[in-house]
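Generate the whole structure from the sequences, applying the supplied hints.
Quick note, the sequences are listed as chains H and W, same order. Residue numbers for the first sequence follow the working numbering, so the first one is 1 and each next one is one higher. Residue numbers for the second sequence follow the working numbering, so the first one is 1001 and each next one is one higher.
Worth flagging that the hints you see were computed from the coordinates, not collected in a lab.
Once the Cα atoms are required to be at most 30 angstroms apart in a straight line, the calculated DSSO-like pairs of lysine-lysine come out as:
hint, chain 1, residue 1, chain 2, residue 2
1, H, K67, W, K1032
2, H, K29, W, K1082
3, W, K1076, W, K1018
4, H, K149, H, K307
5, H, K29, W, K1076
6, W, K1082, H, K67
Bear in mind the structure is a predicted one, so any value in this text is a computation, not a measurement.
Read off the chains here:
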Amino acid sequence: MKPQRWGSVIRMRLRSLGRRDEVEQELEKELRFHLEQEIEQNVAAGASPAEARYAALRRLGGMAQIKEECRDMRRTNYIENFLQDARYAVRTLARSPGFAAAIVLTLALAIGANSAIFSVIDGVLLRPLPYPEPNRIVRVFLTNHTYPKFPLNPFDFRDFRTRNHTFDSLAGFSRGDLQLSGSGQPVKLNGFRVTAQYFRVLGLRPQQGREFDENDERPGNGRRVILSDRVWRTQFAADPNILGRKVTLDSQPFTVVGVMPPGAEHPGNEYHALAYGDTVDVWWPFTFEGDPANRGSHYLEGVGRLKQSVKPERAQAEMNAIMGQLAHEHPDGDSGWGVLTVPLYQEIVGSAKHLLLVLLGAVGLVLLIACANAASLLLARATARQREIAVRVALGAPRWRLIRQMLTESILIALVGGGLGGAMAVGGVRALVSLLPADFPRADAIHVNAPVLAFTLLIAIATGLLFGLAPALQASQTDLQQGLHEGGRGSTGSGRHLRLRNALVVAEVSLASVLLIGAGLMLRSLVNLLRMDAGFRPQRVLTATVSLPPEVYKTRAEVAHFYDQVITNLGSIPGVRSAGAGTDLPWTGYDENLGGFTIEGKNPPPHEEFHARYHAATPDYFRSLGIPLVRGRFFTEADNKDAPWAMIINQTMARLYWPHEDAVGKRIAFDDTPKESDWMTIVGVVGDVKDRPNSSGAEPAFWWSVLQQPFPFREMSILVRADSDPQRLLGVVRHEVQRLDPSLAVADVRLMDEITDASISTPRLAFFLVGLFGALAIALAAIGTYGVISYSVNRRTHEFGLRMALGAERRDVLSLVVSQGAKLAVGGVGLGVIFALLLARVLRSLIYDVSPADPLTFAAVSLMVTAIAVVACYIPARRATQADPMTALRAE
Amino acid sequence: MSKPSDLIQGTLDLLILKMLSLEPAHGWAIAKRIEQVSKDALQVTQGALYPALHRLEQQGWVRAEWRTTETGREAKFYALTKAGRAQLEKELAQWERLSHAVGLVIRMA
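As structure tokens, this is what we get:
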């Protein structure tokens, strides 16, 4: 159809709709003209005026019918009918505002919850990553039995880069924060050392200057830097001549070679992790230093852009083949590794995806319950409206017209509910985002936007159809005679209605049980997590991170001296119970791993090596964190560079390598053929601290004394345990650090409580939301049960009166009604338990230390749901006992 | 005598479009002209004529305007649009094809 014709068609339709009266008048006029012409013709043929008129009218047929057919031709009938239906629906609903409000509110809650969860799903899962052709970007890891995801060795990376044919570009990156000084307070910048083509992999280009090339990777060329847009603007006042300018980072002159545009999103990393989307301030070249034959150390994270239409699996196969060659060439460092290529999208949202889908399922159930509830209420009302419907049928309304009328009503209700729900979603999403764990991927992409609103509209309409269909079909089958019969009490339709409504209640109760069982399991996991012995006491501990620039603090002694000094000074401040420093804090990423050391008198199992996480700590580190000493002693000031090597290990390491032995006094070394002076003696065993609160156990770990650090640990966390409120010490830590060196930045100042709190935020969020949905569900199910029982009591008032007239006790009537409700509840709970068992698999990854078929949870929820249902029946049951036998009998 | 309902589906549209291709006319004139030309073999009742005219108008094939007849009365005159003329060509061709085909079949044997 040509657009021109479309235009005229649309104009016609609009005219038919908007200027309906005018169009109607014209139709009338047109037909009258025809009639008059006909009459004139008849008169001309010799008929009398009366005869002529009569003949003309007869020829014309039914005037009204012609008009109706002409109207049909306008194709706007259905809109007019809809408007008519809608007006009628509004009038009917306005007559029972309580009923309408009940349905609208429950639907609004359910639809709002769905929209809120959907907006999270839309922002996190559905929206593509903010890189061009994001599907081609993959993360590259090494993998073996012990370490499923491990960083790359830099020289391995270089070989991967030159030998592969499946990547358009392959880059490595590694966390490398820098300290900016020169003007005002020194600031710590989030930084990454990146290889050539890092931004090409991500599909990003600097807004000024260039990105690094292989020339920048050469040793000695690393003092170049690419700034983020934010740093360029905030620290360098958006200097237009920034390129080529020298800036002081870690007390060294760096040359600015580029500035990235805003929105250059960090793809996330594992090693000293910075979550996806976190702010990165500077990028500087990764330089390949040292001996290329050394393939033992792994700290470079891989990311690559696949060539057009290359699948990640193919790239992985090729990379594994290259790894095979490398293992052949460097059997020492490179054997035993496989390569893993994981699509970036999966890497970023993988962990959140499951939680979100479970939440979507949960709100979906709530919506189903709300539908069942609305259907049940509508059914009850349909019974009350039987007379009205019967009258309409008697007056010739076709069945489909009645169904349409009823559906219009239910869709109208759902749309109002949807509108209200959409408004709730806007608030709900804001609350939801504030509840999300800090490391939740892409939280900033969550908004109520057009797709979310479209989704809301869609589910509102679908909801209206879903809950309106059954009542509409039933109503349209109204028996004329019964319906019209005055006082058609106990009509045949009601029995069917009641069966359907009973089924709806059972369904509601079962779905609510599923949700509550899920919530119960999550509550138990949360309690387990909270009750779990963290291995340390986070209360009243303040932490902060300091990073010493290598150019100023060149030697191990200088580094050790600095931290020793700060800790000693801090320890003498009133209000500080103890102060310590360590290379790592629990639950912030314990990831420095070391393998291949020697244990005196022991050999590792075949194809394995001795390995453990390594750290360094000052004497009071453990005391400050509240990590208990199990055997031996803590470090002391005497464990310095002049003393023999001392080492503290954790219980897991003691159990793993010295089972049934006392580890204290045993020795390990980091050379294959250690001299006597290389041996390090274990002086103490401390309690385990798990890597993450929900890891099944701790990794083996050991600590060097800071005063004996084998290589300089320039970045350390300072810990201060306070006598009372640690907040007061915030300024003190900064002051003490900068008193020693005013050029140092004090970063990540936090309470240890915040860290432990953040670590359980995901299970807490899961429990909170599923619990909220469960509560909503059980409230709806209770309303549904109440409605059905109450309706049935009303219907049976006569019967109860009769029973009581015949001598039944109130108690009998009460138990009669309550048992009717209890039957429904028990049926629902039974079904719910079965569903929950079937769904258990889905929850497995979201619960901790609880069986998905936990009998306690199942029993508690079953009891609770049944009890709530019984209470919901009790109110109408009481009314039943108040039936006056005389009134009941008179009503007959 | 053929009633309009006996007309093959869509034939009335074709007849109306054909009539209007000669000159714009009001409904009554269209009906009369069809009767005259077909020598009263085809009778067009108003019950079929007006819904058909309104449908053609809604589809944009004819355009309507109010004009005064020779007798000084106001009547709704229909005229063929450009799209309507194209549609007429299409329907004519289709009719030719159909009647030819039907002719072939019934003359067989």
